[in-house]
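Number of protein chains: 2
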Amino acid sequence: MPSEPGDLRHSYLDRLECGRCSAGYDAAVWQGLCTCGSPLLARYDLDLAAKQVATDEIAGRPPTLWRYHEILPVLSADSVVSLGEGMTPLIPLPRFGAQLGISNLQIKDEGLLPTGSFKARGAAVGVSKARELGVRRIAMPTNGNAGAAWATYAARAGLESLIVMPVDAPAITRAECAVSGARLYLVDGLIGDAGAIVADAVARLGYADVSTLKEPYRIEGKKTMGLELFEQIGWRVPDVILYPTGGGVGLIGIWKALRECQALGWIGPKLPRLVAVQATGCAPIVRAFEEHADTSEPWPDARTIAFGITVPKALGDFLVLRAVGETGGCAIAVTDESILGAQQRLARTEGMFICPEGAACFAAAERLRQTGWLGQDDEVVVVNTGAGIKYPTTVDVQVPVLSKGATIPA
Amino acid sequence: MPSEPGDLRHSYLDRLECGRCSAGYDAAVWQGLCTCGSPLLARYDLDLAAKQVATDEIAGRPPTLWRYHEILPVLSADSVVSLGEGMTPLIPLPRFGAQLGISNLQIKDEGLLPTGSFKARGAAVGVSKARELGVRRIAMPTNGNAGAAWATYAARAGLESLIVMPVDAPAITRAECAVSGARLYLVDGLIGDAGAIVADAVARLGYADVSTLKEPYRIEGKKTMGLELFEQIGWRVPDVILYPTGGGVGLIGIWKALRECQALGWIGPKLPRLVAVQATGCAPIVRAFEEHADTSEPWPDARTIAFGITVPKALGDFLVLRAVGETGGCAIAVTDESILGAQQRLARTEGMFICPEGAACFAAAERLRQTGWLGQDDEVVVVNTGAGIKYPTTVDVQVPVLSKGATIPA
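Protein chains in written order, with the working numbering: chain A, 57 to 466; chain B, 57 to 466.
Just so you know, these hints were derived from the structure itself, not from any lab.
C-beta atoms are modelled at their ideal positions from N, C-alpha and C, and glycine is treated no differently.
Treat the hints with care, since some could be wrong.
List of simulated lysine-lysine pairs, DSSO-like, C-alpha gap at most 30 Å [unchecked claim]:
1) B:K107 to B:K326
2) A:K460 to B:K369
3) A:K369 to B:K460
4) A:K107 to A:K326
Partner residues are not named here, just some residues of chain B that face chain A (Cβ under 7 Å, in silico) [to be verified]:
5) L458
6) A462
7) I464
My request is simple: use the sequences and hints to build the entire structure.
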């Protein structure tokens with residue numbers, strides 16, 4: 057039966073639009089950056105979507121990020137490449153919150169996603185859309201987890217992948233790429249050096265470049281963090297969201313989710329204050345925020361235990377700064393020492409072993425509470441971007457070895 | 057307002073019953089083994105529960121294992137210790153299934169649980185119930201993942217924990233115990249040696265013994281794997297379920313879920329054939345199954361890459377054998393070589409990096425299909441008990457290291 061004008065659509069994707077100069081692009085073909093060099097953002101027919109889907113209906117759908125398919129870019133359900141990703145838990149932290157002086161502290165635990173990190177969201181949506189548009193080979197630089205996720209979803213989709221990561225990236229992410237059959241290289245440098253190698257390979261070897269924000273769809277996956285959070289607390293927003301910021305796609309995604317949900321009438325006008333958390337060893341966004349700049353400058357000699365946010369210069373820095381500024385948020389840097397301290401204290405107090413990037417947000421929350429920027433009764437949500445089990449070297453393990461038949465002292 | 061006789065109860069827990077001699081025990085106090093030395097099983101007032109909860113109602117509840125609270129042992133919602141566990145995805149494996157000649161192959165991916173393994177289910181329910189009954193300190197031997205999960209949930213609950221594991225247990229599980237503040241020891245031996253050390257500590261130091269099947273509630277958590285699976289395919293059962301079997305609690309739990317769901321009228325009379333999968337280096341259940349024995353004999357010199365199922369003698373062996381026998385299932389052992397092969401092939405074909413214990417089930421499925429025990433059109437579900445990211449040493453990673461500005465060859 058031919059489709060009728062009133063038929064429900066799987067996706068209300070309309071076009072792509074430059075995040076800086078607002079130039080429009082056709083979403084029916086694979087696109088990279090705008091000619092002005094900036095990232096493209098997916099735009100939807102939200103007026104039509106608002107008429108055809110309500111939050112009540114979403115409530116009855118399976119607990120994956122695909123429950124928001126009307127405002128995701130994949131046009132057909134048949135194109136979806138899924139490993140069951142999404143609807144990660146939002147967990148109250150009453151005892152740790154009490155330690156920090158925050159009475160309503162919660163964690164959105166993105167460690168419970170395929171590949172153990174939030175990167176699975178961008179990869180699921182990005183790979184699905186790439187395959188839908190006929191892409192067969194993808195390439196990307198990564199600080200580890202994104203490469204692991206994209207290699208995994210590429211394998212699931214039957215695509216080839218080329219991944220380049222710094223030698224200091226978490227070791228387990230190498231295994232994830234290797235076991236998925238990715239073409240994997242390490243580089244003795246940082247993510248920018250990996251990016252240069254990938255750019256060269258893309259130009260010569262016919263890979264689609266899926267580097268951070270160089271294609272428009274990863275961010276669409278990331279925005280589902282925001283959608284889920286808003287749904288989980290009853291289609292409203294918390295007072296503050298803290299987010300560990302490297303490339304910043306997740307934060308931009310949450311901000312995009314916020315604006316789209318407002319346009320759809322799914323949430324009210326209130327904005328959560330978005331906080332970009334970085335490490336003192338690599339804090340270009342924080343410096344730009346403090347200097348009231350629109351963009352960041354490359355950070356020299358970047359180094360932090362929170363390796364995932366070791367991004368000296370992010371392509372989307374202006375969008376991160378805009379999101380933080382528009383929402384009345386802030387950007388803050390914390391030391392590696394405070395990151396590891398927060399990681400240990402959270403695990404002892406609440407039983408959650410999280411990644412150092414996530415832990416940075418708790419260190420930041422403590423600082424912001426001390427300065428009074430966070431109030432005691434603020435509803436605060438920390439996004440933990442990955443599972444601690446991917447970071448064995450962050451824990452100091454000193455264990456006695458017993459022989460058979462030994463006795464444990466009182 | 058005082059409760060009325062017709063009030064809905066959070067749990068229909070009624071009593072404990074010995075799995076071997078059927079002796080009854082009071083569920084209102086903490087209990088260990090039956091005086092006959094066998095495990096106690098939780099029994100519910102299923103007739104009453106059937107009248108007061110329907111599957112339609114469950115469908116609208118949050119996606120955690122606590123959605124089945126009426127047939128879980130925790131009496132009050134306030135007692136629940138949760139990190140968002142449950143409703144792991146059931147994922148079709150069309151391409152890998154085609155390779156194995158199984159047209160309807162699915163995986164229940166338990167890697168997407170807190171602590172990255174199915175052990176979180178038993179720990180969440182076991183710790184919740186222990187705390188509800190006033191327990192303050194728990195102790196257990198473990199092959200790694202159970203200890204990590206119980207240490208984690210103990211920290212969340214504010215309980216002390218003592219964990220003893222073999223030196224060969226996955227290294228990451230040490231970090232998980234340590235970061236949670238557990239008292240952790242390694243033993244130069246196998247899980248039985250750890251168990252002897254724990255038994256001594258329990259007798260002397262006042263810990264509650266939460267060893268496999270030595271308390272009645274871990275299995276209640278594990279049975280939710282079955283409950284979720286039945287719900288996910290529309291409150292019915294598949295033809296075959298393959299399960300990696302060490303202590304066997306998960307398999308016994310699925311069998312218990314099956315019988316309870318039948319009694320509740322939630323599923324029909326059909327039974328899935330339950331398959332206990334072991335490694336050739338430690339296959340006591342398989343040997344007992346082949347010899348038509350009711351219990352197993354201790355396996356000498358146990359050793360396999362699938363460390364989680366290195367259990368030379370399981371306390372619940374007779375229950376595993378009964379579950380396999382009653383359902384028309386079987387027990388089968390596979391080699392370490394075939395386990396690692398299945399792990400790699402699944403990752404390349406479907407993008408899923410699973411633990412060796414889960415991979416053993418795919419190696420078993422391939423063998424059972426070759427012998428004709430599995431038919432081409434059987435609906436087959438493999439339970440993957442944990443995430444591959446906890447097992448970095450199972451992947452051979454050979455990666456070229458490039459210098460900055462290098463070029464990738466065509």
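To test your reading of the hints: which numbers does this structure violate? Per hint list: zero violations.
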